[in-house]
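Asks: Here the UniProt record's numbering is used: the first residue of the sequence shown is 1, the next is one more, and so on.
Just so you know, these hints were derived from the structure itself, not from any lab.
Be careful, since some hints might not be right.
Unchecked claim - Label-pair restraints from in silico Cβ distances:
no.	residue 1	residue 2	range
1	F37	G5	31 to 41 Å
2	E48	E79	31 to 41 Å
3	K9	R166	15 to 25 Å
4	M61	K6	50 to 60 Å
5	R34	N7	25 to 35 Å
Only a predicted model underlies this, so the values are computations on that prediction, with no experimental measurement involved.
By construction, the Cβ of each residue, glycine as well, lies at the ideal position given by its N, Cα and C atoms.
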Amino acid sequence: MATNGKNYKAAINVNDFHYAVLDDTDKVKGEIERVKFLQEITVEAQQEIVKAFGDGEVAEMATSNGPMTVSGQFHKIPEEDKSALFGLTKVGNLDAYGPDSNPPYVAVVFTIENQDGGKSWYGLVKGKFTMPSVSGSTKEESIEFGNETVEGEFMSRVIEGQKVMRLRGTDAPGETTVRDEIFQAVFGKPYPGAEVTP
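Using the sequences provided together with the hints, build the complete structure.
Replies: Written out as structure tokens, the structure reads:
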């Protein structure tokens, strides 16, 4: 089998984590926000193959698709982003999370960068993140930096007439065509700072 045109450069970095809060009509409410210093991210599709049997054998198979689970690890998540992602309220100057707290629906875009400088862009169109656990440890002789992890689940949303949960595309090194397309599809807005052609 010919391999001409196929790219076998390995992924070496994660970057460009952006999110935006969605309103009741699945439109972006407010601005697209960037959370820097993404360290790891995992997206898993919940799929199950359902089988129908007859005459002692498999007669037919179908795939049942559930929501996508997301786990992201950051060096640090700024307080403003925690409030937005987890639906925190205020009691005086304090962040409050209670039995009636309900994180908003959000949309997310991030990249996985390849060794050759190309970028694979991923868009998760509608989901919620859950409040993370809190942990800490005592300082020892050498400094060890902590990190923060968020987890969430994402569902489908109608994008250009199709129900989708995840979008993906790859830009070659130096190109931004896929980046611009995925931001418009997921957020309905251009990539922050990008030049917009009238």
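Asks: Decide, hint by hint, whether the structure agrees.
Replies: Results for each hint:
1. The hinted window of 31 to 41 Å between F37 and G5 holds, with their beta carbons roughly 34 Å apart.
2. Between E48 and E79 the C-beta distance comes to about 39 Å, which sits within the given range of 31 to 41 Å.
3. Look at K9 against R166: about 22 Å separates their beta carbons, and that is inside 15 to 25 Å.
4. A hinted range of 50 to 60 Å for the beta carbons of M61 and K6 is inconsistent with their spacing of about 29 Å.
5. Between R34 and N7 the CB atoms are about 27 Å apart, so this pair conforms to the stated range of 25 to 35 Å.
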